[in-house]
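Chemist: Sequence:
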Amino acid sequence: MNDEIKSTAHAVSDFDEIVSYMKSGKAHVEGDIYMGSRFLVVRSCNPFFKPIIEEREPVRFSVVRVVIVKSGWCEPVIGFRKYRCGPGDMLFLNWGVTISSDTFGVDTTFEGIALTEEYMKTIFGGRLPELFVSPDQCFVFHLGDTEQEVWGQYTHTLFNLVHLSTVNEEVAGSLFVSALNYVESLYNAKRVTKRGSWSRNKQTVERFVRLVNDYAKTEHEIEFYASQLCMTAHYLGMVVKKETGITAKEWIDKTLAILIQLELRYTSKSLKMIANEFEFVSLSSLCKFFKRRTGITATEYRMMPEDTPCSSIEAPPPLTK
1 MNDEIKSTAH AVSDFDEIVS YMKSGKAHVE GDIYMGSRFL VVRSCNPFFK
51 PIIEEREPVR FSVVRVVIVK SGWCEPVIGF RKYRCGPGDM LFLNWGVTIS
101 SDTFGVDTTF EGIALTEEYM KTIFGGRLPE LFVSPDQCFV FHLGDTEQEV
151 WGQYTHTLFN LVHLSTVNEE VAGSLFVSAL NYVESLYNAK RVTKRGSWSR
201 NKQTVERFVR LVNDYAKTEH EIEFYASQLC MTAHYLGMVV KKETGITAKE
251 WIDKTLAILI QLELRYTSKS LKMIANEFEF VSLSSLCKFF KRRTGITATE
301 YRMMPEDTPC SSIEAPPPLT K
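Each residue of the sequence shown is one higher than the one before, starting from 1 at the first, in the UniProt record's numbering.
Derived from the structure by calculation, the hints contain no laboratory data. Positions of the beta carbon are idealized from the N, C-alpha and C atoms, including for glycine. Wrong hints could be hidden among the right ones.
Label pairs and their in silico Cβ distance ranges [to be verified]:
1. T103 with K272: 49 to 57 Å
2. V167 with T232: 20 to 28 Å
3. S24 with C287: 35 to 43 Å
4. I246 with S178: 28 to 36 Å
Go ahead and model the full structure; you've got the sequences and the hints to work with.
Modeler: Written out as structure tokens, the structure is:
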């Protein structure tokens with residue numbers, strides 16, 4: 001089963017809502033699960049999230065999910081197509097994928113991880129591998145016995161690691177990066193991608209998103225990206241809006257805000273230095289931009305605990321065909 005799947009956005013369920021659902025006592029959980037503020041790790045876990053899907057179909061979970069079906073089966077419908085996943089199949093769903101419906105076999109269990117968009121970008125230093133750039137990236141393929149064993153070792157180690165109070169968050173972040181790099185390596189080896197079949201507009205948006213990831217730190221206006229793509233800013237804006245449902249400027253500003261968060265959280269640079277490096281016209285411009293995007297000041301964000309997500313920054317809708 002080798003396919004790339006694209007979808008449209010509908011009802012959104014963010015990570016905070018999933019956490020609240022878990023804490024409410026309504027979730028029927030079997031197996032091992034660790035629920036952090038920005039990620040979760042599951043081992044031999046049942047589909048406890050099924051009621052959320054059933055209540056909201058279609059639904060978009062604004063989290064990245066990578067799981068292997070350990071037993072049973074699932075049959076998600078994504079982009080009006082049904083995909084049967086059985087034991088040994090790996091399923092990757094980026095934060096923009098919409099599930100129209102999902103059915104599960106008796107005694108179905110999964111082993112895998114889920115991360116918020118912000119946390120995933122944080123652990124990769126703001127520069128995601130190309131495979132994970134598109135919010136609606138989704139793929140399924142089968143793993144051999146040894147490949148499954150390696151994935152199981154990742155989830156087993158992560159599950160134990162996050163329970164250790166003596167280990168700081170960066171260690172877990174490094175292991176998440178390694179696990180996702182392993183997924184990327186498997187993907188490349190199995191040649192799942194079929195980008196040649198994408199529409200021209202879809203390819204344009206894909207190139208735009210990559211450029212934003214590469215240049216958003218210093219290039220804050222759509223005109224730069226339009227010139228790189230050899231088109232007018234107006235035309236690029238229309239394509240991005242049509243394909244994603246949001247403006248090109250929103251893509252740029254969102255990425256820029258996350259990059260600033262990384263600087264505030266993981267460096268001791270002064271705000272003035274950050275403003276200069278990010279080529280804001282003034283310190284005041286940086287502060288106003290950050291407050292508008294997050295609802296808090298840059299100084300307040302810097303004083304927050306490292307494991308506190310800035311949930312007021314929402315993920316943009318996914319790309320469409």
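Chemist: Hints first: check each against the structure and report whether it holds.
Modeler: Comparing the hints with the structure gives:
1. T103 with K272: 49 to 57 Å: The hinted range 49 to 57 Å holds for T103 and K272, with Cβ atoms some 56 Å apart.
2. V167 with T232: 20 to 28 Å: 51 Å, violated
3. S24 with C287: 35 to 43 Å: 38 Å, holds
4. I246 with S178: 28 to 36 Å: 32 Å, holds
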